[in-house]
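**Q** If you read the protein sequences in the order shown, they are chains A and B. Quick note, in the numbering used here, the first sequence goes up one by one and the last residue is 204. Quick note, in the numbering used here, the second sequence goes up one by one and the last residue is 505.
For the record, the hints were derived by calculation from the structure and aren't laboratory data. Note that the Cβ used here is the ideal one computed from N, Cα and C, for glycine as well. Fair warning: there could be bad hints in the mix.
Not everything, but these chain B residues come out facing chain A in the computed CB check (under 7 Å) [stated by the list, open to error]:
#1 G267
#2 C271
#3 M379
#4 C390
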Amino acid sequence: MTETINGKTILTTPFTEEDIRALHVGDAVYISGDLVTGRDDVHIRVTEEGTDLPSDIRGKALMHAGPIVKGSAEDGYQMVAIGPTTSMRMEKLEYDFIRKTGARFIIGKGGMGEHTAAACREFGAVHCVLPAGNAVVTALCVEEINGVDWLDLGMPEAFWRISVRCLGPLIVSIDSSGRNLFEEKKKEYTVRKEEQLGRISRLL
Amino acid sequence: MTVEEKTKRLTDIMASFIGYTAIHLPDDIVLKLEELRDAEEDPAALSIYEMMFENMRLASELGRPSCQDTGLVQFRIECGSRFPLIHQLGDILQDAVLKATAETPLRPNAVEPFDEINTGNNTGTGAPALFWDIVPDGESCGIYTYLAGGGCSLPGHAMVLMPGDGYEGVMRFVMERITSYGLNACPPLLVGVGIAGSVETAALLSKQALLRPAGSHNPNEKAAAMEQLLEDGINAIGIGPQGLGGNSSVLGVNIEYSVRHTATIGVAVSFGCWTHRRGHIVFDSDLGFVTDTHSGFTCEQ
Numbered sequence: 001m002t003e004t005i006n007g008k009t010i011l012t013t014p015f016t017e018e019d020i021r022a023l024h025v026g027d028a029v030y031i032s033g034d035l036v037t038g039r040d041d042v043h044i045r046v047t048e049e050g051t052d053l054p055s056d057i058r059g060k061a062l063m064h065a066g067p068i069v070k071g072s073a074e075d076g077y078q079m080v081a082i083g084p085t086t087s088m089r090m091e092k093l094e095y096d097f098i099r100k101t102g103a104r105f106i107i108g109k110g111g112m113g114e115h116t117a118a119a120c121r122e123f124g125a126v127h128c129v130l131p132a133g134n135a136v137v138t139a140l141c142v143e144e145i146n147g148v149d150w151l152d153l154g155m156p157e158a159f160w161r162i163s164v165r166c167l168g169p170l171i172v173s174i175d176s177s178g179r180n181l182f183e184e185k186k187k188e189y190t191v192r193k194e195e196q197l198g199r200i201s202r203l204l
Numbered sequence: 205m206t207v208e209e210k211t212k213r214l215t216d217i218m219a220s221f222i223g224y225t226a227i228h229l230p231d232d233i234v235l236k237l238e239e240l241r242d243a244e245e246d247p248a249a250l251s252i253y254e255m256m257f258e259n260m261r262l263a264s265e266l267g268r269p270s271c272q273d274t275g276l277v278q279f280r281i282e283c284g285s286r287f288p289l290i291h292q293l294g295d296i297l298q299d300a301v302l303k304a305t306a307e308t309p310l311r312p313n314a315v316e317p318f319d320e321i322n323t324g325n326n327t328g329t330g331a332p333a334l335f336w337d338i339v340p341d342g343e344s345c346g347i348y349t350y351l352a353g354g355g356c357s358l359p360g361h362a363m364v365l366m367p368g369d370g371y372e373g374v375m376r377f378v379m380e381r382i383t384s385y386g387l388n389a390c391p392p393l394l395v396g397v398g399i400a401g402s403v404e405t406a407a408l409l410s411k412q413a414l415l416r417p418a419g420s421h422n423p424n425e426k427a428a429a430m431e432q433l434l435e436d437g438i439n440a441i442g443i444g445p446q447g448l449g450g451n452s453s454v455l456g457v458n459i460e461y462s463v464r465h466t467a468t469i470g471v472a473v474s475f476g477c478w479t480h481r482r483g484h485i486v487f488d489s490d491l492g493f494v495t496d497t498h499s500g501f502t503c504e505q
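Generate the whole structure from the sequences, applying the supplied hints.
**A** The following block contains the structure:
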């Protein structure tokens, strides 16, 4: 479901394909609802090792993130700090991950590449950037930690299931047409880098 | 104080300082971020800066780590050879990391290669990393702390150029790394460049360069001029916060060097993310201390 509150576009889980296909590169949105964390080891387990995720994430958000969590399964968990990690590390496995799990809304830091863009196009998904290094602001958007699986991977790599309210701003970096904001930006930066190197070499 | 009492005191102060640096950014970085924010014109970049300052405020207020990736803990130690706890210092810093991990809390990030097991406490083989420098006849001990996050460690790079590549080759090496891998490493970045004869000497110097304040300059005028050229050149690329575009790109460029071999230019680059968790604390022989990075740090004993 998508609604606009105080000028903010807020998507609530479960996301439909229509919700996702309406998003475009550069849009800033917020989400509420169910989110799971999964980074390097979760991706390896699901794609290379062929293990099914412990719970279905269709219509939910996946965040490339390794939180700091206090507490225990018996006494309950509290979110201390959470924020996105470098998405590019998951690039080579993301196509298979999206195909297999039906994930539609990927949150991370920095850009991703052509495998992810292909999956976003084919399966109707997006990759969004959450400004990173803001782990306390982001932790305060977490309403509850619903549980954790695969804790054998260690705290950062485990599969955390959480509920969030108004998490954002999430800036769409790859949309479901396959447009890739960071790849476009990189081209601009490369042109300017060569201009600057030319300028500097004349000064040396 | 007995040696045991002194050991405990130094362990407690260091644990407390490590935790403090995970929560509060160093004074020079906060000032530099304010400067970049005030000069920013892009509305999207400005809203990211706003979020960053709100996060710093909340981290301090709630006493929580400002970034969830509290890194691998590294220490550069400038220890006087007559500092009373020189023999105990390695164990003290290990215990301080264990204590800070449990009490702050820090995220456990240390994974033992081959066993592929997270040790759960940020210590393990060679961790915390200790880079020693013994000061002959000195009685005091200066300790730089650095929380090396994964995101800003990923773009680190070192190689050996040929003399024909010249300083232009060094600049190209640095700028290409920034416009590719650097975008994902939480810009505005602090850029540490090491120039020496081989990869390992250059790499260590590049990390040492990150321990210098943002806005400081190498005492060698020509090296300082190159820092400025690189800083201005990279800022003109307009990478902005989070790599999404803006007026500036970096917190600064710091260069450290040693001699190079006549036939080589070893060069390395290390990056610090905007949430650059660096600290510096100096102890006298009675364990009185001063810190020039975190004016708000106090430690009740």
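**Q** Taking the hints in turn, state whether each one holds.
**A** Hints, verified against the model:
| no. | hint | result |
| --- | --- | --- |
| 1 | G267 | 10 Å, violated |
| 2 | C271 | 5 Å, holds |
| 3 | M379 | 5 Å, holds |
| 4 | C390 | 5 Å, holds |
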